[in-house]
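Engineer: Here the protein sequences line up with chains F and P, keeping their order. Using my numbering, you'd call the opening residue of the first sequence number 1 and step up by one each time. Using my numbering, you'd call the opening residue of the second sequence number 1 and step up by one each time.
A few of these clues could be false.
One copy or two, either will do: identical chains are not told apart, so a pair holds if it fits within one copy or between any two.
Restricting the straight-line Cα-Cα distance to at most 30 Å, the calculated cross-link-like pairs of lysine-lysine (DSBU-like) are [claimed, not checked]: (1) 20 / 86; (2) 83 / 20; (3) 10 / 86; (4) 10 / 119.
No lab work stands behind these hints: they were computed from the structure.
2 protein chains.
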Amino acid sequence: MARINRAAAKEKFLRFLEQKNLRMTSQRMAIIDTVFSTDQHFTAEQMLDWARERDQAVSRATVYRTLPLLTESGLVHEMDFGKDYKYYDPNYADSPNHNHIICQDCERIVEFESDKIEKLQGEISQSLGFSLKAQQLRITASCDELKRLGACKNKAS
Amino acid sequence: MARINRAAAKEKFLRFLEQKNLRMTSQRMAIIDTVFSTDQHFTAEQMLDWARERDQAVSRATVYRTLPLLTESGLVHEMDFGKDYKYYDPNYADSPNHNHIICQDCERIVEFESDKIEKLQGEISQSLGFSLKAQQLRITASCDELKRLGACKNKAS
DNA sequence: TAATTTTTGCGTCTCAGTATCAAAAGTTTT
DNA sequence: AAAACTTTTGATACTGAGACGCAAAAATTA
Ligand SMILES: [Mn+2]
Ligand SMILES: [Mn+2]
Ligand SMILES: [Zn+2]
Ligand SMILES: [Zn+2]
Chain F
1 MARINRAAAK EKFLRFLEQK NLRMTSQRMA IIDTVFSTDQ HFTAEQMLDW
51 ARERDQAVSR ATVYRTLPLL TESGLVHEMD FGKDYKYYDP NYADSPNHNH
101 IICQDCERIV EFESDKIEKL QGEISQSLGF SLKAQQLRIT ASCDELKRLG
151 ACKNKAS
Chain P
1 MARINRAAAK EKFLRFLEQK NLRMTSQRMA IIDTVFSTDQ HFTAEQMLDW
51 ARERDQAVSR ATVYRTLPLL TESGLVHEMD FGKDYKYYDP NYADSPNHNH
101 IICQDCERIV EFESDKIEKL QGEISQSLGF SLKAQQLRIT ASCDELKRLG
151 ACKNKAS
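Generate the whole structure from the sequences, applying the supplied hints.
Structural biologist: Structure follows, in structure tokens:
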């Protein structure tokens, strides 16, 4: 589940902008540089902070405008992890078939791939009249395995 | 995936209230009557509308206060279906092991149970250091099977 | 350089949900 | 049953993520 490398990401984004008659600007550059220097799942506000460390001239509005462009171009995916804000995942361009398990106590997110579950997913979807395209699977659980080791910062501890 | 019957639900809620030194009021009664007359997944705003049809004297505030009580008592479950508002599920008391598949185009939600996927879920969770309790699984897909039949009201059609 | 198009940043708005608080309703004590 | 106390209610204000409108700035084209 490694992210796409920064040069390739820039390349792809440039082609996307060109094709939509949009311009590469210093702010957009700062944002995609920041996005593709992490493989963590991040929020818009986090991205704003990080991008500003790199380039002061990045506004909240531009971040909120650029993330949908990155999404549309396929470089990141919008993720819903059950919080009331969106997450973005920079790891999809490179591994489009991974899924996530989320701890509902802390916010630990772990990626995984499983042929078996992917197959079952497809079978279930189909049997219920859903198509396969763009499917995604999320498991919500508790990491008290990790809690016992002191790794899970459970809020209600 | 049938919901618990209304009388049993009221009974359970009464015991819950008693045990927490809370009172059964006409508003709370109207709300749980409404909740357990549907087996649909609903939002707080929907519940407000429906409960008001039954009893004018139900305010938004009371709905937003009662739903967490019903959740805490185990009669409903808070659900996140990827929208920016919560859903509530009245079907958990009776079938606590069901999962959901959601169409990302329309908002169709279909419940399903699968021993196979449940087993895999447990295996994956465990192998990644997550515990089994309170796990839940959500599949996001597109129902273009149904779309072809004109059943899916896809927004971007 | 001038005209045109795109982008930016600020401020305002929306919307679900929470917090506040005084009035109302229910309970317990005298 | 009146007084004292507790819980609940509803109106209103507030919050926080994100969308939107607009005038200024930047980039492109003429
Ligand atoms: Mn991921
Ligand atoms: Mn359900
Ligand atoms: Zn955890
Ligand atoms: Zn659909």
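Engineer: Evaluate each hint against the coordinates.
Structural biologist: Right, here's what the structure says about each hint:
no.: 1; hint: 20 / 86; result: within (25 Å within a copy, 35 Å between copies)
no.: 2; hint: 83 / 20; result: between (32 Å within a copy, 28 Å between copies)
no.: 3; hint: 10 / 86; result: within (23 Å within a copy, 37 Å between copies)
no.: 4; hint: 10 / 119; result: neither (33 Å within a copy, 41 Å between copies)
Hint 4 from the list above is the single one not met by this structure.
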